[in-house]
Amino acid sequence: MRPFEYARPQTEAEAVELLSDHDGKTAVLAGGTDIMNLLRRDAIQPRRLVDIKHISSMQGIRQADGGVLVGSLVTLEDAAESPLLAEHRSVLQVAHAHKAIQIQQAGTLAGDLCQLPHCWYFRNGYGLLGMENGLSMAEAGDNRYHAIFGNRGPAKFVSGSRFAPAMIAWGAKVRVVGPEGEEFIPLEYFFATPKTDRQNVTVLRPGQLVTHVWLPSRTADIVSGAYEVLELNGLDRPQAAAAVTLKMQSGIVRDARIVMGHVAPTPWVAQEAANALIGQSVNEDTASRVGDIAVAGATPLSMNGFKVQMARAAVKRSLLRAVGQLDEALV
Amino acid sequence: MAKKRVVTTTINGDTHEFLCQPRQTLLETLRDVLGLTGTKEGCSNGNCGACTVHLNGRPVDSCLVLGVEVEGAEIRTIEGVACGSHLDEVQEAFLEGAALQCGICTPGFIMQTESLLDENPNPTEDEIRFYLAGNLCRCTGYDKIVRSVQCAAEKRQTANVGDH
Ligand SMILES: Cc1cc2nc3c(=O)[nH]c(=O)nc-3n(C[C@H](O)[C@H](O)[C@H](O)COP(=O)(O)OP(=O)(O)OC[C@H]3O[C@@H](n4cnc5c(N)ncnc54)[C@H](O)[C@@H]3O)c2cc1C
Ligand code: FES
Ligand code: FES
Numbered sequence: 001m002r003p004f005e006y007a008r009p010q011t012e013a014e015a016v017e018l019l020s021d022h023d024g025k026t027a028v029l030a031g032g033t034d035i036m037n038l039l040r041r042d043a044i045q046p047r048r049l050v051d052i053k054h055i056s057s058m059q060g061i062r063q064a065d066g067g068v069l070v071g072s073l074v075t076l077e078d079a080a081e082s083p084l085l086a087e088h089r090s091v092l093q094v095a096h097a098h099k100a101i102q103i104q105q106a107g108t109l110a111g112d113l114c115q116l117p118h119c120w121y122f123r124n125g126y127g128l129l130g131m132e133n134g135l136s137m138a139e140a141g142d143n144r145y146h147a148i149f150g151n152r153g154p155a156k157f158v159s160g161s162r163f164a165p166a167m168i169a170w171g172a173k174v175r176v177v178g179p180e181g182e183e184f185i186p187l188e189y190f191f192a193t194p195k196t197d198r199q200n201v202t203v204l205r206p207g208q209l210v211t212h213v214w215l216p217s218r219t220a221d222i223v224s225g226a227y228e229v230l231e232l233n234g235l236d237r238p239q240a241a242a243a244v245t246l247k248m249q250s251g252i253v254r255d256a257r258i259v260m261g262h263v264a265p266t267p268w269v270a271q272e273a274a275n276a277l278i279g280q281s282v283n284e285d286t287a288s289r290v291g292d293i294a295v296a297g298a299t300p301l302s303m304n305g306f307k308v309q310m311a312r313a314a315v316k317r318s319l320l321r322a323v324g325q326l327d328e329a330l331v
Numbered sequence: 001m002a003k004k005r006v007v008t009t010t011i012n013g014d015t016h017e018f019l020c021q022p023r024q025t026l027l028e029t030l031r032d033v034l035g036l037t038g039t040k041e042g043c044s045n046g047n048c049g050a051c052t053v054h055l056n057g058r059p060v061d062s063c064l065v066l067g068v069e070v071e072g073a074e075i076r077t078i079e080g081v082a083c084g085s086h087l088d089e090v091q092e093a094f095l096e097g098a099a100l101q102c103g104i105c106t107p108g109f110i111m112q113t114e115s116l117l118d119e120n121p122n123p124t125e126d127e128i129r130f131y132l133a134g135n136l137c138r139c140t141g142y143d144k145i146v147r148s149v150q151c152a153a154e155k156r157q158t159a160n161v162g163d164h
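Residue numbers (my numbering), protein chains in the order written: chain B, 1 to 331; chain X, 1 to 164.
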């Protein structure tokens, strides 16, 4: 690890100030379960690490403004166990997917949303876009775990967040604070696809951090579900994932949100597929058809064509899971 | 930039003050600065759990924590489990159940088991396997470890009944 300064603010304002120094060559340290591995490999080289764990305003889950306000420091375990999130089934389904207790108890929600890609070229020091001599290493090299959507530009990695698809499908917003004050950003617009190594995977600007995530409350006519396709039933990250939130009336879908994860440099909203579901009931047939539509525009790389089928299955199964028709015994 | 910092913390009940660089992990600090070499390094990336210690009562991978982060915290390591030469129930059960071979993973498994039994004194086999999912062993196979945890739970319950 390269040397860096360590700072421990007690308030959001102090954190913003500490993050703004050094021309923004600073990084947030939350649970550390991801960033420590980036630092160890010098994949990122901040001059100062700002440990936000002692900022009390960013802790806890409470009701607010017709929804639930989740502090950035809420751990994966707290999220999985909170009665306030019990109705957000798709969120719980992903919260339970982390297997190691040590990671569940340390990893935070905002850390999941803001995590950098798990692309092996990036993690081995070739920069965020994994370029060598101006060429994408993923494009020519081993791209099994890379993007099948949104991959025409230089970014070939997939967004690593497990929670983002479910939360976007719920219409979540993030509260961000920074040198210019606070703003609420719809989570759907929080992610960005970098075009250069110096850009970021989120819209956060230097000095900004996420303090909370807000989710609207569930009303009785809303159902949700998430499904992750895993390589092993272990610690590994999903190969493809999907989450859906559906507004139902007498068994018919009145409104739908479908978001795929781990398939593109950002969470990937499948709007056409969602539109095709409106006015339909959810069953094996419609769910299959919607899965087909969701992956129709896929542009797989040389080695990851298999992910298209996984994404299709994730969409289908998340729909069936939302309406209680997924045979859990088989999955 | 990045000067050494003084960190004050409680380790196994004793107050410690030490100097460390911000980039040193808690694992490195325990082993190389404080000489507490009972905590082991396996993968150094959060996968194997060999480096598990308790930080404010919760199990963490000490390779994913910085030494400077533990300012003001309470830490328990494998060195704090036995009472003098008297092993605790989990250590005894692991020895009797042959739940170790090379022993690199053992301090982590024991610390994780201590947390499990504090939270849930009478876990089922499934609960044990789930709780130990973040701890890997390359030598022993997990059955002997799981049996030893069950045995430790029984020993502890018998000891507690005996106390009353
Ligand atoms: C063994 C192991 C297995 C894992 N498995 C998975 C997995 O299957 N799926 C998965 O998604 N992740 C996985 N992770 C990664 C990680 O544990 C989780 O994503 C976790 O939620 C990250 O949270 P953290 O608080 O530890 O983040 P940190 O490591 O502290 O931070 C992660 C990133 O987010 C930034 N950040 C954190 N908080 C904020 C904030 N409030 N505002 C702005 N930026 C912020 C940091 O600067 C950093 O870049 C795994 C990690 C390990 C070690
Ligand atoms: S050494 Fe820390 S988890 Fe493996
Ligand atoms: S005894 Fe060798 S790794 Fe577990």
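No lab work stands behind these hints: they were computed from the structure. The beta-carbon is built from N, C-alpha and C at its ideal position, and this holds for glycine as well. Be aware that a few hints might be false.
[Said to hold, decoys possible] Listed below are the simulated BS3-like cross-link pairs for lysine-lysine, each with C-alpha atoms no more than 25 Å apart in a straight line: (1) K3/X to K53/B; (2) K53/B to K25/B; (3) K25/B to K144/X; (4) K247/B to K195/B.
[As the list claims (entries may be wrong)] Using C-beta positions, here's what the derived DEER-type ranges look like: (5) D32/X to T11/B: 26 to 36 Å; (6) L95/X to R123/B: 33 to 43 Å; (7) G125/B to V161/X: 52 to 62 Å; (8) G103/X to I44/B: 33 to 43 Å; (9) A13/B to A98/X: 16 to 26 Å; (10) K195/B to P121/X: 27 to 37 Å.
With 33 to 43 Å as the target window, see if G103/X and I44/B comply at their CB atoms.
holds, 35 Å
Check the hint pairing K3/X with K53/B against an upper bound of 25 Å on the C-alpha distance.
Holds, at roughly 22 Å.
Take a look at whether the Cβ-Cβ distance between K195/B and P121/X falls inside 27 to 37 Å.
violated, 55 Å
Starting from K25/B, check that the Cα of K144/X is at most 25 Å away, please.
violated, 49 Å
Holds or violated: are the alpha carbons of K247/B and K195/B at most 25 Å from each other?
Since the Cα atoms of K247/B and K195/B sit roughly 36 Å apart, the hinted pair is violated (cutoff 25 Å).
Is K53/B within 25 Å of K25/B, Cα to Cα?
Between K53/B and K25/B the Cα gap is close to 20 Å, so the pair holds against 25 Å.
Given a hint of 33 to 43 Å, does the C-beta separation of L95/X and R123/B actually sit inside it?
holds, 39 Å
I want to verify a distance hint. Is the separation of the beta carbons of D32/X and T11/B within 26 to 36 Å?
holds, 34 Å
Is the hinted range of 52 to 62 Å satisfied by the C-beta distance from G125/B to V161/X?
holds, 57 Å
Would you say the C-beta atoms of A13/B and A98/X sit inside 16 to 26 Å of each other?
Since A13/B and A98/X have Cβ atoms about 56 Å apart, the given range 16 to 26 Å is violated.
Checked against the numbered hints given earlier, the structure breaks hints 3, 4, 9, 10 and satisfies all the rest.
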